[in-house]
Amino acid sequence: MILMARRILVLGYGNPGRGDDGLGPALAQMVEKMRIKGVTVRIDYQLTVEAACDVAECDMVIFADAAKFGDEPFFLQPTPAESTMGWSGHTLPPGAVLRLAQVLYNARPEAYVAGVRGYRFDEFSERLSEQAEINLNKAAEYLAEWLKTCEVSSGP
Amino acid sequence: MSRAKIIEIEPLTRVEGHGKVSIHLDEANQVQEARLHIVEFRGFERFIHGRPYWEAPMIVQRLCGICPVSHNLAAAKAMDMITGAKRLTPTAEKIRRLAHYGQILQSHVLHFFYLCSPDLLFGFGADVNERNVFTIIKQKPELAMQAIMMRKFGQEVIRATFGKKIHGSGAVPGGVVKNLSIPERDALLKEMDQMLKGAAMALAMARDYTVENQQMVERFGSFPSSFLSLVRDDGALDLYHGNLRAIDSVGNIIFDQVDYQDYGDYIMEEVKPWSYMKFPFIKKRGHLDGWYRVGPLARLNCCGYIDTPKADKALAEFKSLTGGKPNHMTLAYHWARMVEVTHCVEKIGELLEDPDLLGNELLTKGERAPEGIGVIEAPRGTLFHHYRVDKDDLITHCNLIVSTTNNNEAINRSIRQVARASLSGVPKITQGMLNHIEVAVRAYDPCLSCATHALGQMPLVVELYNHKGDVMDRLARG
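Residue numbers (the working numbering), protein chains in the order written: chain F, 1 to 156; chain W, 1 to 478.
Simulated from the structure, these hints should not be mistaken for lab results.
Treat the hints loosely; a few may be bogus.
Unchecked claim - Okay, the calculated beta carbon distance ranges per label pair:
id, chain 1, residue 1, chain 2, residue 2, range
1, F, R7, W, K164, 51 to 61 Å
2, F, E110, W, N129, 42 to 52 Å
3, W, Q139, F, P80, 22 to 32 Å
4, W, Q214, F, R35, 41 to 51 Å
5, W, D193, F, R7, 36 to 46 Å
6, W, Q139, F, T40, 52 to 62 Å
7, F, K37, W, L358, 28 to 38 Å
8, F, G70, W, G84, 42 to 52 Å
Positions of the beta carbon are idealized from the N, C-alpha and C atoms, including for glycine.
Build the full structure now, drawing on both the sequences and the hints.
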């Protein structure tokens with residue numbers, strides 16, 4: 001069996017000026033500091049179409065985001081490509097970014113959403129809530145271990 | 001260590017808001033009123049109280065994840081006044097301009113190719129599941145590829161001038177913190193031919209659509225209005241700096257060359273009980289008649305010419321459609337947007353050849369002032385930032401009028417117009433009506449993220465009320 005190095009992208013998004021909406025960028029920053037082999041990190045306020053270019057160049061992508069709902073302290077789930085665009089906004093859901101990467105660049109990376117539970121979104125604050133901070137640390141710890149197991153994959 | 005679960009996909013993990021449209025009928029089931037309700041997030045103006053003024057340009061970028069550059073520049077321009085930097089160094093002003101053109105380019109391109117072109121190519125009546133960018137990619141892949149390249153180029157311009165998106169530097173009071181390096185400049189220059197080609201393609205597509213469908217475009221969500229924008233002191237289009245000009249529906253000047261430091265003498269804001277959004281109006285025309293439109297359509301109607309050749313030629317063609325009188329066609333916003341894309345590409349090319357971008361004089365200052373106002377033409381229209389600071393440099397007052405707020409009344413009128421045209425006496429929201437409302441609102445490219453929460457996708461919800469105020473029908477999309 002040949003082991004191949006995988007190109008892994010962690011794409012953290014959200015607004016650090018809106019309380020717990022900053023969880024995505026915060027998680028991505030923590031991963032960046034870990035300097036895990038093969039892992040590249042991108043941070044943005046929102047997911048937009050050009051993210052498809054970065055996604056097309058990786059074997060695996062993790063969309064790191066804040067979650068208002070779902071399991072505490074965080075969840076990690078596979079996410080499929082989907083043809084869903086908003087009616088007006090300039091932002092996209094992860095599935096639409098994946099679909100764009102697929103139809104524009106014929107890229108089909110393995111994809112996950114890492115959702116960290118947050119609680120305070122409706123305010124201008126550059127601080128995470130206390131519980132969100134705890135959730136973030138747990139998510140980062142888990143992701144660090146998990147990503148190390150994803151560094152290589154079986155070759156053909 | 002926590003154990004994560006692999007669970008079924010939820011439709012959305014992020015916080016959602018929505019754009020709600022309410023349509024109110026009279027006793028004869030005719031549309032009396034239509035309103036777009038956006039829950040504007042007004043906390044920012046309080047949040048920034050007590051912060052040192054030099055932090056403001058950085059903090060305001062967090063107002064909106066879609067156009068952080070515009071808010072950064074408007075705030076920096078206000079803080080230039082406070083720090084006494086009445087004239088920036090050539091390097092600082094040109095770096096700011098370059099970032100601004102990059103921002104407008106990428107915003108307009110995304111809107112046109114990914115949100116609007118499916119309407120134009122497939123028609124408003126097409127099934128919403130087909131009327132989207134994925135069908136465009138199938139049928140016209142070159143269009144989608146061009147769009148993504150232009151969008152990426154705009155982002156690269158911003159990265160080269162202002163650094164990383166979230167933790168970048170941006171403009172600061174009195175100037176900027178970085179110049180352009182030679183490798184950064186050369187990398188951008190290499191893309192210019194492709195950008196000009198893409199701008200020409202988009203411009204032709206938007207123009208042809210408007211001209212070929214002129215009768216429909218003249219009627220769709222359109223109405224006479226006043227317009228407001230910045231113009232240069234010689235009347236030219238200027239997206240970064242200038243004075244305020246307002247014209248009425250036939251093109252007469254309402255006011256001209258007004259220093260925006262005096263905007264409070266000319267513009268007032270009204271609050272209505274059913275909306276958190278403010279309704280600005282031109283003071284001397286009063287709150288009933290003083291509303292106006294901003295954005296690309298307003299800018300082209302207000303300006304006398306454009307100082308780049310391809311865009312100026314396009315402007316002449318745009319103006320000739322209405323015999324030089326103001327163009328009131330709401331769908332002509334798309335064409336106007338592509339004229340501006342052409343202008344931005346030309347300006348970026350011009351600036352990249354300018355050695356001032358590589359200069360080292362980045363900051364300047366002068367006599368400290370207690371108050372500053374910064375105004376810029378953001379992608380969606382005129383954006384006002386107004387601050388007062390105390391003797392300890394802390395902000396004591398902040399007032400923002402964001403572009404979408406300026407267009408508030410106009411968006412409502414467009415909705416009312418298309419709702420009237422598509423409701424045939426039966427109190428029912430049809431898919432056709434929803435399509436038309438969606439297309440009319442989208443023409444303004446409203447920044448729902450900016451005017452409200454910066455979080456996630458926003459479904460469009462339309463509700464129909466009878467004359468007693470009871471909900472008769474409700475339809476959602478998005």
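So, going through the hints one by one against the coordinates:
1. Take F/R7 and W/K164: their Cβ atoms lie about 21 Å apart, and the range 51 to 61 Å is violated.
2. At roughly 27 Å, the beta carbons of F/E110 and W/N129 sit outside the given window of 42 to 52 Å.
3. At about 23 Å, the beta-carbon gap between W/Q139 and F/P80 stays in the expected band of 22 to 32 Å.
4. Restraint check, W/Q214 to F/R35: a C-beta distance of roughly 59 Å breaks the suggested window 41 to 51 Å.
5. Hint check: W/D193 to F/R7, Cβ distance near 30 Å, so the stated range 36 to 46 Å is violated.
6. Distance hint check: the CB atoms of W/Q139 and F/T40 are about 33 Å apart, inconsistent with the given range 52 to 62 Å.
7. Against the hinted window of 28 to 38 Å, the Cβ-Cβ separation of F/K37 and W/L358 comes to about 37 Å, which satisfies the hint.
8. A C-beta distance of roughly 51 Å is found between F/G70 and W/G84, which places it inside the suggested range of 42 to 52 Å.
Consistency note: the structure conflicts with the earlier hints numbered 1, 2, 4, 5, 6.
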